[in-house]
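Take a look at the letters that make up each chain.
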Amino acid sequence: MNGTSPESGLFRLDLASKTYGATPALAPLSLTIERGEAVAVVGPSGAGKTTLLHLLGGVIQPTDGEISLGGHLLADLSPGRELSRLVGVIHQQFDLVPQLSALHNVLAGHLGKWGLARSLVSLISPVDRDTARQALERVGLKDKLHERTFRLSGGEQQRVAIARLLVQDPDVIIADEPVASLDPARSRDLMGLLSGIVEESGKTLIASVHSAELVRAFFSRAVGLRSGGLVFDVPVEELTDDMLESVYELQGLEGEPVGQL
Amino acid sequence: MSPSVNYRFIEGRWLLTLVLLAAVAWSLFFVPWNSDVVHSGGAAAALEILRALFSPELSPSFLLVAVEASWKTISFAAAGITLAVAIGFPLGVVASGTLVSSPMKRWTSIAVVRLTLAVLRSVHELVWAWLLVLALGLSPIAAVLALGIPYGGILGRVFSEILNDVPEGPLRSLRSAGASELKVLAYGRLPMALPQMLSYAIYRFECGLRSAAILSFVGIAGLGYQVQLSLDDLLYSEVWTLLLFLVGLVVLVDVWSGLVRKSLTT
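Protein sequence lines, in the order shown, are assigned to chains A and B. Going by my numbering, the first residue of the first sequence is number 1, and it counts up by one from there. Going by my numbering, the first residue of the second sequence is number 1, and it counts up by one from there.
Note that these hints are calculated values from the structure, not bench results. Wrong hints could be hidden among the right ones.
Okay, the calculated beta carbon distance ranges per label pair [said to hold, decoys possible]:
(1) B/256 / A/118: 33 to 43 Å
(2) A/125 / B/105: 25 to 35 Å
(3) B/168 / A/21: 12 to 22 Å
(4) B/126 / A/76: 55 to 65 Å
(5) B/131 / A/125: 22 to 32 Å
(6) A/21 / B/19: 40 to 50 Å
(7) A/125 / B/61: 25 to 35 Å
(8) B/256 / A/64: 54 to 64 Å
Derived lysine-lysine pairs resembling DSS-like cross-links, with alpha carbons at most 30 Å apart [to be verified]:
(9) A/203 / A/142
(10) A/142 / B/105
(11) A/142 / A/113
(12) A/203 / A/113
(13) B/105 / A/113
Even for Gly, the Cβ is constructed at its ideal location relative to N, Cα and C.
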């Protein structure tokens with residue numbers, strides 16, 4: 001689909017599917033994502049976006065098919081050190097531990113690399129405070145280092161989550177509706193921040209977003225899902241409003257469209 | 001569910017209620033409703049006890065006795081709860097199954113620890129006191145152990161449940177960052193569980209006050225012991241004074257608990 005040989009893809013899905021009991025969440029999907037791409041995953045609720053992102057993030061394993069990252073089967077990578085070095089995940093909310101300070105939440109990005117002893121000691125006497133300070137400065141929260149996370153606003157908490165990803169420094173960032181809880185202005189702000197970080201460090205970004213404006217502004221490729229199936233996969237220049245509408249359309253009982261939300 | 005099945009279920013429930021009420025009403029006919037129901041001297045004694053409530057013993061010498069007894073009671077409660085936390089916290093963490101990730105190790109360790117906790121708490125503190133006094137004599141150690149052991153069993157069980165009930169989102173995120181189960185426990189579960197565990201421990205401290213007061217009936221110094229002395233002499237005014245001090249202790253712990261909770265959320 002992108003005119004590249006299969007072996008050169010960073011992420012490769014080979015007929016990967018996910019079924020929960022009797023419910024198919026994602027139909028067999030084949031996809032290749034290159035290093036440095038910014039892929040937007042669009043679709044209505046229940047389309048399988050979260051399932052796809054969690055499969056890519058190694059949070060869940062496919063029921064059938066294979067997912068490989070950089071030539072290695074995702075299932076073969078150990079979830080601790082190896083996987084966290086390659087993939088980082090950010091969600092809509094509830095990524096952070098509310099009782100901890102922003103400093104500790106950000107330093108948690110090191111947990112894949114630190115041994116147990118250092119991790120525990122750091123809780124009492126923070127190790128590598130400087131990296132955390134730099135990360136928080138990059139996301140614009142320099143003076144919130146010692147603030148308890150539950151005191152921060154939703155937008156600030158999302159930025160702390162991004163700061164944690166900066167510390168973790170994975171090759172790929174997977175974002176599951178990262179701006180869905182924010183107002184339009186803050187959404188743009190946060191997507192801009194995320195996109196900037198991804199670009200300047202050559203990372204790959206795969207994110208689900210609902211706003212067509214954000215898709216066009218910050219992504220190079222758009223993948224449309226609906227009811228667990230792939231509807232389209234195009235470079236963002238070829239994305240039309242009709243394609244988006246068709247993917248979000250309400251369906252009646254017989255499968256006929258009943259208008260827009 | 002079809003409407004007729006629903007109906008039958010509801011009618012069945014009303015029938016059961018009716019049967020139970022009828023049984024209660026019928027049982028009342030088996031009570032010998034004559035003057036033997038209330039102990040002959042009882043009415044007079046009850047009146048006297050009530051009257052004494054309005055004139056509690058307030059002489060300085062007795063107030064001193066009450067203060068000293070209160071101090072002993074709260075000390076026993078504090079020592080007992082500390083022991084309970086020392087027992088309940090580690091056992092609770094193991095019992096929650098959040099320490100190890102492999103299923104086999106988890107189930108065996110959980111089963112053994114939960115059984116231990118259940119045994120500890122199913123024996124009431126009075127029975128523990130009786131057993132320990134037999135073994136160790138009327139020493140303060142016996143009182144602290146009698147309180148700490150069963151309360152440790154209770155705390156352990158509740159702590160393990162609190163640890164299991166923390167929100168999953170932050171934990172999942174920590175795992176994505178590369179944390180092993182132990183690191184998830186330290187960075188996620190414990191920080192999120194701590195406020196509730198602390199709250200519950202303070203509540204149990206309050207329960208421990210009452211238990212300590214009752215335990216001192218066994219002969220170990222405290223409010224209960226003094227109450228027993230005063231009761232033996234039929235000095236009801238003194239009894240009320242001691243009970244008021246007990247209420248005061250509980251109110252004190254209540255206020256303290258509120259302050260601690262407020263400091264956690266600011």
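List, from low to high, the hint numbers that the structure doesn't satisfy. As far as the earlier hints go, 5, 7 and 10 are violated by this structure, in ascending order.
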